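Visitor: In the working numbering, the protein residues as written are 1109 to 1566.
Hints were generated in silico from the structure; no laboratory data involved. Quick caveat: nothing in here was measured; it's all calculated off a predicted structure. Mixed in with the good hints there might be a few duds.
[Unchecked claim] Here are the simulated lysine-lysine pairs, BS3-like style, with alpha carbons at most 27 Å apart: (1) K1497 to K1426; (2) K1497 to K1427; (3) K1497 to K1420.
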Amino acid sequence: MRSFRHADHATLMTEGSIAGHLIAFALPLLLGNLFQQMYNTADSLIVGNFLGSDALAAVSSSNSLIQLMIGFFNGVAGGAGVVIARYFGARDIPRVQKAIHTMLAFGIAAGLLLTAVGVSVTPILLRLMGTPPTVLPQSISYFRTYFFGSLAFVLYNICMGILQAVGDSRHPLVYLMISSMINVTLDLLFVGVFRWGVASAAAATAISQVVSTLLCLLRLMRSERDYRVNLRAIRFDRPALRDILRNGVPAGLSNSIISIANVVMQSNINAFGAAAMAGCGAHMKIEGFAFLPITCFNMALTTFVSQNLGAKRYDRVKKGVRVGLGCAVAIAEAIALLIFTFSPGLIGLFDRNPEVIAFGVMHERTIVPFYFLLAYSHCMAAIFRGAGKSTVSMLVMAICWCAIRVPYVTIATRLFPVLRAVSWGYPITWSLSAVVFTLYYSRANWMHGFERRDARRA
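Please put together the full structure from these sequences, using the hints given.
Guide: Below is the structure:
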């Protein structure tokens, strides 16, 4: 093994203050993800205000399908980041290099496949979701244009995952700030000035994502450090690919399972008409912003757990878990209080139609008081992913957020044909996942497997 060199802006989380590392890593992620969330939110704000409720409904109806299509590949990328972080924590740089270049090869193949599938199955999936005829043509146009940029979306998430795995959350922030400003400018130009329709909003997002991908890739190529990318070295390494898929496929399936459940939820929302679609879609954009602090703590926690397990710092892992969970739950409820209080004004930013606002406020105020359960479940899933136990997270999500949520909403809407019945599906299943995660964490002694393995090798 060759000597380890400390990389610029890369952070080893195996020493020093636990809370300090988590916060220092999470804050740039938070700012970066705020800008990333501006992509789709700018689409919705500008489309809703310039093109009307039907156009906003078209963008909103596409969101769950977009997450379904890209969620699997992004989950695999996240799982691969766990592998890199563990090697990085163990200071095994040759394996870091092999994992990075295998990850990029996977991203190129996945991006091309996603483009072909996303563009071809768009009309079929939207019709299966029961998208209203008045909205369907614009939904198809938005969705297809969005997926022409799939290669850039996948590669950016992979490049960002590489940097985050070595503790660098600053450069992705800078690149997202640049691309977000490009996205908003192009949205205003394409939609507000030229009135090119909803497809142009998707085109603006794709163009801005290409920019951030190129910037991130150039950073990796020009680095003189241990995570430098060499384009000629991009190829599949079988052992590295096996490790990446072992950790990444369950994470990807977990994302897909959640997305499938959300597609079913969206189908039930669609049954209540364009106003319900627009109102609930506006809430999804608000939630995307509101939940970013939790998402960032999750990402920090996954990297922290991975690096410290690689360094065999088991007591430090346990302390980090307690700190991460406490912060995430507290922040989630603070955010929930703000959203609940200002809900009418927040929904009104997207659409001033009173019916849209009424649907959005009802949906929002039913869900947000239970954000602490959602935060807790996501944090536990992040902990297990960092420990290489992505299958645990996948099974819990599959059972609670799909196998239970889908039958619930199907039965509930028949017994009580109101939108509120759909809304309650979220907190009910969040509660179940929180209970299951707690039982596994407290009774499975999941950390002991690492400790026993090291004891046998000693």
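Visitor: Against each hint, give a clear statement of whether it holds in the structure.
Guide: Right, here's what the structure says about each hint:
1. At most 27 Å may separate the alpha-carbon atoms for a hinted pair to count; K1497 and K1426 meet this at roughly 15 Å.
2. Proximity of K1497 to K1427 is assessed by CA-CA distance (about 19 Å); at most 27 Å being required, the pair is judged to hold.
3. Using a Cα cut-off of 27 Å, the hinted pair K1497 and K1420 holds, with the two alpha carbons roughly 16 Å apart.
In terms of the numbered hints stated before, the structure departs from none.
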